[in-house]
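Protein chains in written order, with this note's numbering: chain L, 1 to 112; chain X, 113 to 223.
Treat the hints with care, as some may be off.
If the Cβ cut is set under 7 angstroms, some of the chain X residues that face chain L in the computed set are [stated by the list, open to error]:
1. L156
2. S158
3. Y188
4. L211
These are calculated hints, taken from the structure and not from any lab test. For each residue, glycine too, the CB sits at the ideal point set by N, CA and C.
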Amino acid sequence: SQTIHQWPATLVQPVGSPLSLECTVEGTSNPNLYWYRQAAGRGLQLLFYSVGIGQISSEVPQNLSASRPQDRQFILSSKKLLLSDSGFYLCACPRDSYNEQFFGPGTRLTVL
Amino acid sequence: KQEVTQIPAALSVPEGENLVLNCSFTDSAIYNLQWFRQDPGKGLTSLLLIQSSQREQTSGRLNASLDKSSGRSTLYIAASQPGDSATYLCAVRLQGGKLIFGQGTELSVKP
Numbered sequence: 001s002q003t004i005h006q007w008p009a010t011l012v013q014p015v016g017s018p019l020s021l022e023c024t025v026e027g028t029s030n031p032n033l034y035w036y037r038q039a040a041g042r043g044l045q046l047l048f049y050s051v052g053i054g055q056i057s058s059e060v061p062q063n064l065s066a067s068r069p070q071d072r073q074f075i076l077s078s079k080k081l082l083l084s085d086s087g088f089y090l091c092a093c094p095r096d097s098y099n100e101q102f103f104g105p106g107t108r109l110t111v112l
Numbered sequence: 113k114q115e116v117t118q119i120p121a122a123l124s125v126p127e128g129e130n131l132v133l134n135c136s137f138t139d140s141a142i143y144n145l146q147w148f149r150q151d152p153g154k155g156l157t158s159l160l161l162i163q164s165s166q167r168e169q170t171s172g173r174l175n176a177s178l179d180k181s182s183g184r185s186t187l188y189i190a191a192s193q194p195g196d197s198a199t200y201l202c203a204v205r206l207q208g209g210k211l212i213f214g215q216g217t218e219l220s221v222k223p
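Only chain X is shown next, with the shape it has when bound in the complex (with noise of 0.2 angstroms):
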């Protein structure tokens, strides 16, 4: 059973910081995975998609990876504005088309 880990649930860090949020997920029989932002109250957006068969994905100050073999994911995020505060999560796509989430990571930018 395909199971989707998102460590650390919560980050603070002040304005202009690099970080890095960890997905983890125990099989590698993926199709894709995709990291979403999700501000309170409101629904997904996503943000990067990668395809099993790539390495990395950027779109502006956000660089997202794969390591399908060892079942990790980071999305990085370069000089932090307090506008990235949201909840970031990660899902895996099954070959069968069902998507399994991660619990998210709570992202605070302190100006």
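If we strip away everything but chain L, and leave its shape as in the complex, we get (with noise of 0.2 angstroms):
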């Protein structure tokens, strides 16, 4: 069965600071990986989506930048965070054919 981990699982740091969170993939390979965030109070929205080494989708225009390295690892990055990057970050992937999606645990995201 797929496993999803992300490091780190909380995050502070200042305002203009980079950022680099990483999701890492078991149990499955090829598999298409997506980044949302969710903000205080709001839904799930999504930022990124890859369905192979080197293909990023972007959702929403913004000074996140996502890039998949390797099949199981999906990257989210930033070279000057925002007070308005303050977030959980969601790394999923869909199980097999089904099309069921799947979370890791998050990064809590604080930009203070």
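Put the two chains together into one complex, using the hints given.
Below you can see the structure in the form of structure tokens.
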């Protein structure tokens, strides 16, 4: 079965600092991978998705970027964080052909 | 543009009650619908997945229904327990693979 790991679990960063969040997946190969953000009191917003190595689609224009250097690794980055980047970041991938979406444990980011 | 709405936003019930959470969506062209549970500060746990051709799915005390033509889904929780307290989210998957989420219903089950 699939397992999604996210690192770090929590992060406090000053405005203007860089960001790198990592997501790794076990138990599957060539998965579609997704980054979502959940801001306080709001629903989940899809940020990026990837169908393969080096293939990234952006859903929302912003100061974040994503990369997929390996088949089961998905990275979310920023060169300069904004206060509005605070939130709960979740990585997800579908389970096989059922397309049941599974989520990682998330990273809580606070930008001060 | 697909929009997903969940009503109510919050619900408090005494232990043992049966309850229904509602989810509505504006475009019936969906691939499937999924219900999730989210505990505070945690990730999402998948509860039930209903394919667009299905009417309902059951897992233990949970039953989810789907009426695609009317753009509605319900999550029925039987004999609620304090451990059921969490935020429940529904999401529809579009044909292109994107998931659109509702804002969630925050459920509190009082002992």
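Hints, verified against the model:
1. The restraint placing L156(X) at the interface with chain L holds, with a minimum CB-CB distance near 4 angstroms, inside the 7 angstroms limit.
2. The beta carbon of S158(X) is positioned within 7 angstroms of a beta carbon in chain L (closest approach about 6 angstroms), and the interface hint is therefore held.
3. Annotation: interface hint on Y188(X) violated; nearest CB of chain L at approximately 20 angstroms, more than 7 angstroms.
4. With a cut of 7 angstroms, the hint placing L211(X) at the interface with chain L holds, because the nearest CB-to-CB distance is about 6 angstroms.
Against the hints set out earlier in the document, a violation occurs for number 3 only.
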